[in-house]
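These protein sequence lines map, in sequence, to chains A and B. 1367 is the number of the first residue of the first sequence in the working numbering; add one for each residue after it. 2 is the number of the first residue of the second sequence in the working numbering; add one for each residue after it.
In short, the hints are calculated from the structure, not lab data. Do not rely on the hints blindly, as some may be mistaken.
[Said to hold, decoys possible] With the Cβ distance kept under 8 Å, some of the chain B side facing chain A (calculated, not the full set):
#1 W5
#2 S12
#3 K16
#4 V42
#5 S161
#6 V164
#7 F206
#8 F208
#9 K225
#10 E229
#11 F245
#12 Q247
#13 V258
#14 L259
Glycine included, each C-beta is placed from N, C-alpha and C at the ideal position.
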Amino acid sequence: MANKLISEIPLPKSIANVFSARNISTAKDALSLTEFELMELLDVGLTEVRSALSQISEIVAPPYQTALSLMEQRFQNEHLGGHFPTGLKGLDAALCGGIPFGVLTELVGPAGIGKTQFCLKLSLLASLPTNYGGLDGRVIYIDVESKFSSRRLLEIGLRSFPEIFQMKEMAQEMAGRILVLRPTSLAEFTQSLEQIKVLLLQNQVKMLVIDSMAALVSGEHEQGARRQQTLSWHISFIKSLAEFSRIPVVVTNQVRSRNHDDASRYSFQVQSRDGAIETPMQYDSHLVAALGIQWAHAVTTRLVLEAKSGERFIKVAKSPISPPLAFPFHITSSGISLLSDDGKEVMGPEINAIHCQGHNEIINFGMEGLH
Amino acid sequence: MEIWRLPISASQRGKLISSGYTSLSSLSSISSSDLARELKVSESEAMNILKVASHSRGSETSNASCSIVEVLDTFQWWAGAQSAWDMLHDEESLMHITTSSADLDNILGGGIHCKEVTEIGGVPGIGKTQLGIQIAVNVQIPNDFGGLGGKAIYIDTEGSFMVERAFQIAEACIEDMSEYNRFLRKDFQECKIKMLPQDILENIFYFRICSYTEQIALINYLDKFLSEHKDVKVIVVDSVTFHFRQDFDDMALRTRVLSGMALKLMNLAKRFSLAVVLLNQVTTKHTEASFQLALALV
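All chains, full assembly: derive it from the sequences and hints.
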């Protein structure tokens, strides 16, 4: 819509000619200038500029929908009203059905906590036919750190859905729906995104998984704010991909330790003299999600995976639908499963904290358990 | 007021100045045919120039030469001017939109004010979208319950509007109204609220914006939309700076476009007597050797 040509908009001939004479060919060019700038550039009066702008704006502005018709449309056309059930009952109930379509869902947690396992389970689920709770379509899995294990994927499939995966052709069909891409640099990733857009337009892909987003940037040289700018194009491109194709997009993120540069207060906030305010914020977690605050704004749902006193929890840290709940989970041969479907409600800033206490014990125990 | 401030085209302005008309007063006593002859333009163009000039002059003081008594008499007539007393009276009679939090309403002086632009910013996940949806629902509270009984426009730039959540909030609002009813009605009749959550959802006009061009176009188009839908009482923009933070190369242009947009929104708020609520993200700002949070693109 933004790149609509001025020549296609029904404007009075005289002004349309002036626009083309001054090389303003798309609506974007015209609307990016203020009224006075246009007057100077086109050498016409204010009333003509205003009426031309209002005609262009009327054509370029998106149509409206009432919230009611939006809801009806979603429930009629989309799987479960636009949600992808994860198979974890408590989590699905909290998220009103599952992972939402059309927006970014982020999984963040320390290394080894189970993010990739969760992604594998979700990819498998998405490839299944709808009567098994799947989306019956292809999945694109962008595997930056080469963690994708097809053997593990088939093991999960065999344990969770033996009736499908015991038949070799069915297993091949399902696994064949998951396309794995392995970009080795940010530039390659950018190229793959363009190709993905084409596939999405053909409507065959039902889910996109990026594992992990932070690893893409950590290889680049810039630091801090420059690094965020590098990603900002990708963030808005991925969001627009999710939006127009209405598919769930799952992205994993790493953690890093909190440093002094992390801003946590506004300039108008008063700091207490003995710094007593500092301690409640920090608890004993010195970890924060990587990729910064601009990324945190761009994701719609943030699921924090953490380890605390020997147990693992998946917390809904940011969601437009769910209250801040924490569910204990563990990793089994059939993927990831919740130990309790009743989430514990977490109050205050604790929901955003990322713990990894007792993590080493879990990893070592896990290694013994899996073999 | 000088000629160069008049909203006429550059070539017309150039002709006026080169013919010696450099101030408005010089145009006050010339006829349109004389002007047309001097500037070598058509008579209709000359008439247009004179009309624009007299319009601009009318909004400025032309009573400079009147006596004090006459000035006081014409005090009321200045276009757009209002005495402080009238303004106070107007403000007190304005309705507010409650945010459903008594403390927040208190701080805001009763709630979100109409005819004003309110900006709400915060860190990710703090509840800006929730508050935006709450306001879009609360504006529909009928007059009997102290609300505005109006409709809402929700402009979504990030895709964070969840209809299921809006439905939940609408249900809760109706429940609240029934409770209020039970407490305050003296007669013990079951005054059932006739509203359904679906009715509330039907009165929220939802626009999804995918680029800053669409955002500018929509705000221009709202002029016409609001003339056709006079019962809209709040516009929520969630979030107003999102599209301007990515891939805008020319920073100066970005500032100009943003301030133009802010002015248009203020204009809409005043003309149509509605409230405009802008939700904004935060960014980190390096000040005085420390990093602090600040609202984006301030």
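Does V164 of chain B pass the interface check with chain A, least Cβ-Cβ distance below 8 Å?
-> 4 Å, holds
Given V258 of chain B as an interface hint, is the shortest Cβ-Cβ distance to chain A below 8 Å?
-> 6 Å, holds
At a threshold of 8 Å, is the proposed contact between F245 of chain B and chain A supported by beta-carbon distances?
-> 11 Å, violated
Under 8 Å, Cβ to Cβ, is where S161 of chain B needs to be relative to chain A, so tell me if that hint holds or is violated.
-> 5 Å, holds
Restraint satisfaction for Q247 of chain B [CB to CB of chain A, less than 8 Å] | 4 Å, holds
Against chain A, with CB atoms and a cut of 8 Å, does the hint on K225 of chain B hold up?
-> 7 Å, holds
Hint check, E229 of chain B versus chain A [nearest Cβ-Cβ separation less than 8 Å] = Since chain A brings no Cβ nearer than about 11 Å to E229 of chain B, farther than 8 Å, the hint is violated.
Do the numbers back the hint for W5 of chain B, that is, is its least Cβ distance to chain A under 8 Å?
-> 11 Å, violated
Cut-off 8 Å, beta-carbon criterion: hint that K16 of chain B touches chain A = Result: violated, 12 Å to nearest chain A Cβ.
Interface hint compliance - F208 of chain B to chain A, C-beta minimum distance less than 8 Å | 5 Å, holds
With chain A as the partner, please determine if V42 of chain B meets the hint condition of a C-beta pair closer than 8 Å.
-> Check failed: Cβ of V42 of chain B comes no nearer than 12 Å to chain A, outside 8 Å.
Under the criterion of a CB-CB separation shorter than 8 Å, is L259 of chain B in contact with chain A as hinted?
-> For L259 of chain B, the interface hint is violated, since the closest Cβ of chain A sits about 11 Å away, which is over 8 Å.
When the structure is compared with the earlier hints, violations turn up for hints 1, 3, 4, 10, 11, 14 and for no others.
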